[in-house]
Amino acid sequence: MATTIFSQAENMSSDALFRQKGSGYSAAIQLGLVKVTSVGEIDWVTVTKPVSTGVSAGFEMFRFDDALQATYPVFIRVDYASAGSVQALGLWFTVGVGHDGSGNLVGPSLAVMKLAPTSAITNGQTSLSYFSVANNYLNMFMNLGAASSLAATCGYFSIERTKDASGVDTAEGFLVMSTTTGAASSQWRQQVLFPTSGGTIETSIGCILPNVGTGANGSQVAIYPCFQSKGVFLNPGLNAFGYHHANITALVPISVTVYSGTHTYLPIGAAAEQFGVRSGPGGTSGSALLMRWE
Amino acid sequence: MATFTANFSLTQTTDALFRTWGSAFAAAWAAFGWVQTGDTGQINWLTVTRPLASNTKMGYEIWRFNDALQATSPVFVRIDYGSGTATNYPRMWLTWGTGTDGAGNMNPGSLETITIGRGGQETTVRTAYFSGDTARGCFFTGLNVAAIAACFGFSVERTKDSAGADTGDGLLILFGEGPPSTNTTWYQYYYQLGVGSQGTERLLGVLCPSFGSGVTGGDTAIYPVWFGKGPFLPYGLNFFAFFSADITAMVTISVTVYGASHTYLPIPSMINGCVGAWALGVSLLMRYE
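From first to last, the protein sequence lines are chains A and B.
All residue numbers for the first sequence refer to the working numbering, where the first residue is 9 and numbers rise by one.
All residue numbers for the second sequence refer to the working numbering, where the first residue is 505 and numbers rise by one.
Hints listed in this document are in silico derivations from the structure and should not be mistaken for laboratory results.
Predicted model, so just to flag it, every value in this text is computed and none were measured.
Where hints are given, some of them may not hold.
The following label-pair restraints were derived from C-beta to C-beta distances [said to hold, decoys possible]:
1) B:Phe-715 with A:Leu-259: 39 to 49 Å
2) B:Ser-666 with A:Gly-269: 15 to 25 Å
3) A:Ala-78 with B:Ala-506: 25 to 35 Å
4) B:Ala-753 with A:Thr-204: 27 to 37 Å
5) A:Ala-224 with B:Gly-545: 51 to 61 Å
C-beta: ideal position from N, C-alpha, C; glycine also.
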C-alpha cells in the first residue's frame, strides 16, 4: 500500500506540461498497480497535448497484482485526455476483465468513467491530487485546492474488489465509482463489474446520512458506508465513506476501525460537499468524503 | 402481540362518524396492550361531539406502554382527537413523554404536536391494519383505496440495541400522510425519553438501489429505515422498504430480522413514491404479528 500527493501549479498549456501531468498520474497509479505494456500505448517522450476538448491523447493499461488476479483478473485502461477545457487534463477509466494487448478491453467491461473537469486549474495556485494505491485497489482524488471553482476542477475515482461480510476481498467482482465536475449527487457514477457480466450505472454514491444531528454522539463520530448494488446491495467497500465534515479536521489522516481492522482515511473536507456525498435525506449539506489513505 | 383490522370512514360530518374513527384508534391502543391511565378529563366516546371548526381538538386520552422497561424508562402518550385543515378532516395529535400530572398534562421534555391526519377525508368505509404489543404499535389506513391520498401509516417502537432488543433510550417514531406524491410527506423522529427530539427528519431514512429488482438468486432484499441520533441508531422492526414487484401485496411473509423470525405485511405499491423519489417501485413492509 502506498500514498502520494501529486502537486501541480500550472494548467495544461504546452506539450511539456501535458506530459508532466499525465506521466505524474501514471507514476502514482504504478505505486500499486502494474502497468501492462500494450501496442499503441502513450509515449510520454513524444506525445503531444490534445488541441481540442474531450479528446484522448493516448492510453495506458494497468492491472491489479493480487493473488486473485490470476483467476479473476481486472484491467484498467486509463486515457489521458483533454477535458471541458483544452488546458484541463481529463482521466478516462475503462475497466474490464481482459485485454487484447493493443489497448482494447475484451470480455465484460464497464462503461467509461471520465474524470473530465470543466475548467483548468489556475496557474500559480497549487493543486494537489491524492493517490492511495495497492496491488488490489486504486483510490484517487484529483486537483484538490486547485481553484476557486473547485467543483469544476476536481474528480474522484475508486476501484476495489467486492468484499465478504468480514471485509475480505472476494472474487465476485469489482466496485467502481467516480465523480467529477458538479455540485450534485447525480454526478456520481457507480458500477460493479462481474467476471461474466458488466454492470449498470448507479448515478448516486449510495451513501445515506441523517438530515438532523451532527453525526456525533458522545465520544462517537459516525461515518457512513457507500453501498453498491447488483440489484441488491453488496457489502460496502473500504475505499470511501461519507461523514459530516464539521466533525473531522480536513486533510488530517485519521484511523478508523472498519470490518474490525484499523485503516487510515483522509477526510477530504468541505470541498467534497460539492460532490453530493449524501444521497439520502437532506441533500448534500454538511457531508463530505472520507478516502482510504494507506 | 396483536394484529387486527378495523373498518371506518375517515370523515366526521356527524358526531357518530367522529366517534367511530376515534374510538377505533382508542380500541387499537388497548388491543396492543397499552394501558390507559387514570388522568382526569379524558375523552368520552359516548358523548363527545365532532369538531365544528378546523384544527380543533375535541378531547384526549393518555396511554402508556406496559412492558418491563416501563418501570425504569416509562413511555406515555397523550392523543388528542380532532380536526385537520378542514372541519371534516380527521386528525390526531400524539405527544410522547415520560409521565403526566394526572390531569392530562405531559411532563417536561415531552415531544409535542406530532400530528397524524390527512389533509382530506374519505367518506367510504375503508380497512385499517393494526399491529402492536405492549411497547410498540404501527398501522396503515386506506390500503384498499385506489387513490394514494387516502392512506397514512404510523409506527412507534422503542430504540434497539445491536441485537434488536428494546432499550430504554428512546423511541423511533415514523409516519406519513397523504397525498404522498413524494418521499417528503414522511416524518421521522428519534425521541430521547424525557429530553426531546433531534429534530424532524422529513424523508424516510431508506436507501435503495435505483436499478435492479431487489432480487438476486434466491434472496429478496428488504431495506431498513434508519433513524438518526446524530449517527444512525440500530434500525427498528416495525417498517422496512422493499421493491413492490418482489413480494405479493397484503399476503404476510416471514422475515428473519436480528436473527429472529418476524411476520410482515407487504403494503401495496399504491404508495410508490412515499419511500423515496430515487427508488420508484418501492413500498413498505409493516410488522404484522
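Assessment of proposed distance window 27 to 37 Å (beta carbons of Ala-753 of chain B, Thr-204 of chain A): Check passed, 34 Å falls within 27 to 37 Å.
Distance restraint evaluation - Ala-224 of chain A, Gly-545 of chain B, Cβ atoms, bounds 51 to 61 Å: For Gly-545 of chain B against Ala-224 of chain A, whose Cβ atoms are near 42 Å apart, the range 51 to 61 Å is violated.
Beta-carbon spacing of Ala-78 of chain A to Ala-506 of chain B - inside the hinted bounds 25 to 35 Å or not: For Ala-78 of chain A and Ala-506 of chain B the Cβ distance comes to about 58 Å; the hint is violated.
39 to 49 Å as the expected CB spacing between Leu-259 of chain A and Phe-715 of chain B, which holds or is violated: Given about 34 Å between the Cβ atoms, the range is violated.
Assessment of proposed distance window 15 to 25 Å (beta carbons of Ser-666 of chain B, Gly-269 of chain A): holds (19 Å)
Checked against the numbered hints listed earlier, the structure breaks hints 1, 3, 5; every other hint is satisfied.
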